[in-house]
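Protein chains in written order, with the working numbering: chain F, 1 to 371; chain Z, 1001 to 1342; chain S, 2001 to 2096.
These are computed hints drawn from the structure, not numbers from a lab. Ideal Cβ placement from N, Cα and C applies to all residues, glycine included. Fair warning: there could be bad hints in the mix.
Claimed, not checked - Rough simulated footprint, nothing fancy, chain S against chain F, three-plus residues with beta-carbon under 8 angstroms:
no., segment
1, 15–23
2, 110–120
3, 249–257
4, 290–297
As the list claims (entries may be wrong) - From the derived model, a few chain Z residues whose C-beta atoms are all more than 12 angstroms from chain F:
no., residue
5, 1013
6, 1014
7, 1051
8, 1068
9, 1111
10, 1137
11, 1138
12, 1146
13, 1191
14, 1193
15, 1199
16, 1254
17, 1261
18, 1264
19, 1284
20, 1329
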Amino acid sequence: MQYVDEFRRPELISRTTEEIRRLADPDRHYRFMEVCGGHTHAIYRFGLKHLLPPNIELVHGPGCPVCVLPMGRIDDGLSMAEHPEVIFTAFGDMMRVPGTQGSPLAYKARGMDVRIVYSPADALKMAIANPDRHVMFFAIGFETTAPSTALTLKRAREQGVKNFSVFSNHVTIIPAIRAILDSPDMRLDAFIGPGHVSTVIGCRPYEWIARNEHKPIAVAGFEPLDILQAVVMVLRQLNRGEAKVENQYNRVVPWEGNRAALKAMAEVFELRPYFEWRGLGFISQSALRLRNEYAEWDAERRFSVPGIRVTDPKAAQCGEVLKGVLQPAQCKLFGKECTPEHPIGALMVSSEGSCAAYYTFEHRQAAVGVS
Amino acid sequence: MRQVRFRDPRVEMAHGAGGKASRRLIDGLFAPILFGSSTEPLGDAAHVSINGTRVAITTDSFVVRPLRFPGGSIGELAVNGTVNDLAVSGARAEALVTSYVLEAGLETEILEAEIRAMAAAAERAGVSIAGGDTKVVEHGKADGMYITTAGVGRVIPELKISPARVEAGDQVILSGPIGDHGITILLARGDLEIEADLKSDTRSVLPFVEALARAAGDGVHWMRDPTRGGVATSLNELALDCRLAVITAEEKIPVRDAVRGACELLGLDPLHIANEGQFLAVVAADCAAAALAALHETPGGECATIIGEIEAQPAGAVVVKTLYGGSRIIDMLVGDPLPRIC
Amino acid sequence: MELVPGEQPLALVEVLGVRRRVDLGLLEETDPGRLGDWVLIHVGFAMSKISEHYALEQIELLEALGETEAAALEVRGYGLEPGDTNLEKAQDRSGP
């Protein structure tokens, strides 16, 4: 695969890990946070943690949009599925996430029309193909996905498709990073920046992290070499006492971002004054809702939703794990009451949630003694 | 009788996916009630003695949408699936019986095509279809048709398959590229608007099993056909049943480019995708070379390859080693393989 | 990548023999997708074009790792400062 295999070449990987070993100060313990579900997944899938020296710790931040979605919002979305004319559509990642009455898949098992789509455009197509039904798209994701939802809504409006609506749970990454850095328990040295979000927002939005918080940040891609090279970059900065934004993923990420995508988002969405993030609490200006011009396609306005806040059991420490304060295994429920088969918190449900990834790849390995 | 341990209030799709949920249903509900005090690990077929003759018997049902897909159809799956279950249990299928549940409104043309496909598949597999049954249910049920087949066969005397015979040092052989069937079906459903030149790998694996029996005899310790749940699930069942570790190398596991591409696009792992014409065999180290050679000489077996070996630790786990020194444990499928987006 | 006629800017994108219709609506108007381009796809939309230039540059940089170190050791052996090599300058990826 062009552009993929080159970034997995074993000899380049060993050169890069050599360089990391050379750069890392043995008397120092480094904590680098990544804030993208794709990075969490890649790190575990390629076993990257095992390639790093023990004094470099990769911490997983709130980069998984499924994980930070409060249960109450899932209930709200699923309440729409209860209308017989509604076809509930969402990405595969959403299907097993439990609300208080079950996950979308459980609703499907109970007879409601719940379908997986790979793209919001598929949901719109479904609406056009089923004029006697109403297709509701449960939208999640950071700025990577929001432009696609936005463009789909624009098209729905242009084409006059009336039986289509979007339940927007899009969130933005910068407020989440701010919340992490504002947290009193925070002990991070640098950030590995979210590669795909940055294709949309570019690199400028991270400049305050370097300037005000003096933390290096390297926006990284998703192949093993990308992530390792980003580690090299932040190590070099730390060694020189620097803090700036670097674009490791410059083959894909434009420094100024994707203007067309940002424009589509601005036309369709506006920022909510505040939004609840599971585990992090209410964060202002951190989520997107449809503008008034798109009210007809806003599922929240077309359907009345219960809007009930559902709090996680007090024992679940999702928030601290999300902020990187605790490792998944340090949560009291981890591996006991909370496992991928019966998840209590969303970090265990989504395959990118740090707890699920840790459980699948690390926990069993630790339990069975694999290095 | 053992205790029923299955606590889910309702049956869900995941219970049929072939992974952990399926295992919980079978181990926790069916086995304690139906299989009484038997402590035998559950295999692909049951071997029973009838007046001193060892006979193998198995059954399987086939529920697939769409009914026809590149490389085959439900009729072929129904024949090959049961022949294969018998084969990997170490038996040569002699006869099948089949039962059809048909949806009212199904076009006769479609039904006839499937019956012909079954006849052709049976002939190719060298098995006879001895009888069957038909029921018709209301329109809206049965997705067109459901087919169940049951097969009976003679145990191949050279083979003595059992998880208890698996030991450290044994080699794990995989017959060919994985993921073809599952991805073909996923794409054939048309929901995802993805196209690829892929077809189902459905075929009888009996010729390969017979080749193995001739070349390695009782050096073959275990076999399985990785259908629903994929290679990951089958290897996990092996690891759990023999309480040893299965250590594999990622680059040795054959995956067609198109399957790899579709999996990357959809966020799926080829190791969890169903196959209908492949098998796994665990063979004693000293027979491995001969076993592999015999497979390579059998038509259709050219891609067979050793993908790993059995070790003592970490017991009960399946490990995949990556190209650059990393390793990860792969688990059984938890529910249905869901396309991952982020 | 093959362009498909129609109202929406759709293209047929192929990866390892797998083909999918992808929406090009999010690519910049000033730099639309062309046949032969490689793109990053997310949920059925092309998000960005992949720059072959930067990709090659990155690979070269990584290949030179280790070699730089060897070269630096050699240079130190002569009593000279390793300091600002061309490699370090090329690696400076901050700013447009």
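Checklist entry - Out of the numbered hints, which ones does the structure contradict? => result 4, 5, 6, 13, 14, 17, 18 and 20
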